[in-house]
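Given the coordinates of chain A, work out where chain B should sit on it, guided by the hints.
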Amino acid sequence: MRGLASLALCMFAACGEASTEAGKLAVPGRAGALKSSASVRATRRLFDGAPPVIPHPPLGAACVQCHNARGMDVPDLGFAPPSPHAETPGMSALSRCNQCHVHAIDGGEFVANTFVGLAQDLRRGERLYDGAPPVMPHGTAMRENCGACHDGPAAREELRCSHPERARCEQCHVAQQQDGSFSRL
Amino acid sequence: MAALDRRTLFKVLGVGTGCVAFSEGDRAEAATLEAPLGAPSPAVESWDKAPCRFCGTGCGVEVGTRDGKVVAVRGDEKSPVNKGLLCVKGYHLPAILYGADRLQYPQLRRSDGTLERISWDAALDLIASKYREALDQRGPDSVAVYGSGQWTVFDGYAALKWVKGGLRSNHLDPNARLCMASAVTGFMAQFQSDEPMGCYEDLELADDVVLWGANMAEMHPVLFSRILESKRRRGTVRLIDIGTRRTPSSDYADLYVEFRPGSDLAIANGILHLLVKQGKVAQSFIDKNCVFRRGEEDFAKIGYGCSGEQAERYTFNDTPKDSSFEEFKQFLEDYAPQRVSEISGISVQQLELLASIYGDNKRKTLSLWCMGVNQHVRGTWMNNLITDLHLVTGKICRPGDNPFSLTGQPSACGTVREVGTLANRLPADMVVTNPEHRAKAEKLWKLPAGTIPDKPGHHAVDMFRAFQRGDVTCLWVQTTNPWVSLPNLHRFERRPGDGRFLIASDVYPTPTTDQADLILPSAMWVEREGVFGNSERRTQQWNKLVEPPGEAREDAWQIVEVARRMGLGHLFPWEGDWHEAMFEEYRSFTLGIGKDIASYKQLQATRGLLWPVVDGKETRYRYAGGHDPYVAAGRDVHFYKAKGYGERAAIWLRPYHPPAEEPDAEFPLWLCTGRVLEHWHTGSMTRRVRQLHQAVPRAYVELNRADALDLGVKSGDLVRLRSRRGKLTLEARVDGRGKPPRGSVFVPFFDESKLINELTLDALDNISKEPDYKKCAVRIELVEQGS
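If you're matching them up, the sequences are chains A and B in order.
In this text, residue positions in the first sequence follow my numbering: the first is 1, and each later residue adds one.
In this text, residue positions in the second sequence follow my numbering: the first is 1, and each later residue adds one.
Here chain A stands alone, though its shape is the one from the complex:
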């Protein structure tokens, strides 16, 4: 039973944000797909902000071939989510993805660990008034490609942007500094 569940989950995990439907792998955002990826997201990270582990085996291809700026729908397999780093200065095809993302290919643990990590920050960005563009509720370092989380099939439904065609997000949605209070002295 445990083995079966593991296998099902394994397939599920291997295909990004897809669910299994009689063996057919569906892409999120389509009928039968998961509404939210928060649980999958959490199981792949030590804490919110930690790089996710790679849930599939090495495929013999450059990571950015599928995990590019917009992601890639791999027929019969699932949707490879876009890279949030696609627009990060210094991140390129030359980068070594495995520096931060490692394959999780083996069950079991050496010794149990009691660490409880930070959960995903679900706060909405503040709006000055109803209808004003929300400010960014999070930092943008290493996730300059807004579309990775806010657009496309891999984006969590509630986070999807209604106007992805407007390419320059920062024109209206601004990041907030911690020490941003103003005084003349």
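By construction, these hints were calculated from the structure, which means they are not laboratory data.
Source: prediction; values computed, not measured.
Please note: incorrect hints may appear among the correct ones.
Said to hold, decoys possible - Here chain A is said to cover these stretches of chain B; the calculated rule only asks that three of the stretch's residues, wherever they fall, bring their Cβ under 8 angstroms from a Cβ of chain A:
| no. | segment |
| --- | --- |
| 1 | 71 to 81 |
| 2 | 87 to 101 |
| 3 | 649 to 660 |
| 4 | 685 to 693 |
To be verified - Distance ranges between label pairs, derived from CB positions:
| no. | chain 1 | residue 1 | chain 2 | residue 2 | range |
| --- | --- | --- | --- | --- | --- |
| 5 | A | Leu159 | B | Lys280 | 42 to 48 angstroms |
| 6 | A | Glu126 | B | Ala633 | 55 to 61 angstroms |
| 7 | A | Gln171 | B | Asp251 | 35 to 41 angstroms |
| 8 | A | Leu159 | B | Pro629 | 33 to 39 angstroms |
| 9 | A | Gln171 | B | Gly626 | 41 to 47 angstroms |
| 10 | A | Ala61 | B | Pro320 | 51 to 57 angstroms |
| 11 | A | Glu126 | B | Asp636 | 35 to 41 angstroms |
| 12 | B | Asp251 | A | Pro75 | 28 to 34 angstroms |
| 13 | B | Lys277 | A | Ala69 | 50 to 56 angstroms |
Here a beta-carbon is modelled for each residue, glycine too, at the ideal position from N, C-alpha and C.
Okay, now just chain B, sitting in the frame of chain A:
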């Protein structure tokens, strides 16, 4: 890269193996995380700075805490070292504090081998009485302390003062002896002052980056990504990888030069030969700034330090003498390209290419090295030869043009090299064999003249040989795991009832605590206040952010308390919180001599500063005019620390000697050992983090494909490795992340259940006393075919 083809994808995925398998528990836990957007989120209460706990790079992290626990880290964008980026170990830092088996209470081993919880009072009294008893009955040669490049400056300084100024013994040495001692002796021989002249900024300014036996992609990932970014941004940067095994670093190199283990000495001399022949030496630079030196070169007199008289303590002393450019030229006659090619296996064309890189004065050259050069039976010589390449071409002390030694531990530089927690050293480049240095230490410590002994103590390997022999009967090991990391481990096995007393301070149970008679629980990283010093001379301070578990206490506190119980309280006269006072006392050793560490207050307020720090300003380039305030006015370069050479740097004549053990008919393969990206050293921290453990759960042996075919071995098979010292069964990997050349294998050393160091050879560089973990001979036999 191969195109991603669907059939391949399915072949890989379809078998259902090799994927992450979430347990039922994970699913239940995950379900609770399905909160709607806009739900109140548990926020981090405070983000505070700290250096990473792992390697010598010294990345800055910001540590997120909530309810007295660390819940997250992020790369510190304010840190000039990593500018916000980390590696996978750094991102997974928080979990190293929370392994379920953290040591929480002092434990004493009963005669039946079981452990009994005792109080700190009882533990500290017992240590004090054991050290006192050993001193009284057998003298200062019977006590020792084995420390760590992971010690904070406080731990190292407290140990140094207690052992050398209190116990009146020099038997204090760290695990860093196993990793960077050759770099120390290398820099000391050439500049009479330790540590590099350059800084990490060189990574972006160099046109040619030359790796000498260093797999930076896995061992110094963040610095490697700075090189990759420079390559991408500038387009003209070349990466040259000179190694004995194809690694993930080689994948990004413009030129990969594969050489026969140990022959790097010949290659460097071969490059020097060509530079001289081709007239590419910077004659005016040499005339103005350099002297020539040579030491003992007789193979029989130096040996390898494995056994016998030459192995013990400091019985080998190099006998340096003056040399000249003429003699240098003559010496290099032995290293004509054809002969170098025969020794090293690299082609004459490759050698010429390397010479053209070092000889091109229009392009800046940065040489980088770490364990391949340091863990080498002639490691000091190899350090000297790399620096020689920069001295003869004048490509030194200029931004982007430098020799730079990488380090593997977070404070190998700060605590070991600068504080001087080595058997022969005192703070700030001083040594116990120099009467003026001892006098300075005694004066600053307010101790009677003659307190510090003038004979160097046991170096790391000899300390454990002495413990095994019974010369040392009382040994305290802190923050390190020698029963995994020492070479030729069988040699150090303890016999029950051997009459010795071993104390181990650590954070988790390890094969070393398994050997200990008394186990002390240590506070680690942000559970205590600390200072680390990284590879580029950057001193970094952090505050205590969370409470340690149970009764765990910092190592420095353990030492101070024992000293006080031995009647040596005058060494640590401070009341209450002594951190700043202790640091400022240590700092007084460094001021005014070009080793000036920043004040504690300044370190608290910054992301670390590069010493020498004069008038609150750091120095990015040592010995360089316009950068280093100690350089005489009007000089471009001034090696002001090298008083013994007339304030010039020494170019050393260092020959090629063969390795201590080479493959033969009985043991036909080279064995090289090392690390992997995911695990740090002996794995006692990283293996307790599921994500890191699952990425590389156990040690394996990497084989060349042709050797594997010959042996009838394929990936996944179990094979037995045998050396003259031990045997070990491992899973075979053919063409894994590293690709050893034909006739050689590689095994990582992090796995305590697969102790590759039972096979390695305890041959030493007899100048630095650092063992060579990179070269010995093994054979392989198939045990069982994998499924």
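Structure-based check of all given hints:
1. Interface restraint, the segment 71 to 81 of chain B with chain A: holds (6 residues with C-beta to C-beta distance below 8 angstroms; minimum three).
2. With 11 residues carrying a beta carbon less than 8 angstroms from a beta carbon of chain A, the segment 87 to 101 of chain B meets the three-residue requirement, and the given coverage holds.
3. Under the rule that three or more residues need a Cβ within less than 8 angstroms of chain A, the assignment of the segment 649 to 660 of chain B is violated, with 0 such residues.
4. Coverage of the segment 685 to 693 of chain B by chain A holds. Counting CB-CB distances below 8 angstroms, 7 residues qualify, and the rule asks for three or more.
5. Take Leu159/A and Lys280/B: their Cβ atoms lie about 60 angstroms apart, and the range 42 to 48 angstroms is violated.
6. Evaluation of the 55 to 61 angstroms hint for Glu126/A and Ala633/B yields a pass: the beta carbon distance comes to about 57 angstroms.
7. Remark: the range hint 35 to 41 angstroms for Gln171/A to Asp251/B is upheld by a beta-carbon distance near 39 angstroms.
8. The given range of 33 to 39 angstroms is broken by Leu159/A and Pro629/B, whose C-beta atoms sit roughly 53 angstroms from each other.
9. Between Gln171/A and Gly626/B the beta carbon distance is about 43 angstroms. The supplied range of 41 to 47 angstroms therefore holds.
10. For the hinted restraint 51 to 57 angstroms between Ala61/A and Pro320/B, the CB-CB distance of approximately 55 angstroms keeps it satisfied.
11. In this structure, Glu126/A and Asp636/B break the distance hint of 35 to 41 angstroms, their C-beta atoms being roughly 55 angstroms apart.
12. For the pair Asp251/B and Pro75/A, the beta carbons lie near 30 angstroms from each other, so the given range of 28 to 34 angstroms is met.
13. At roughly 52 angstroms, the beta-carbon separation of Lys277/B and Ala69/A lies within the given 50 to 56 angstroms, and the hint holds.
The structure shown violates the earlier hints numbered 3, 5, 8, 11.
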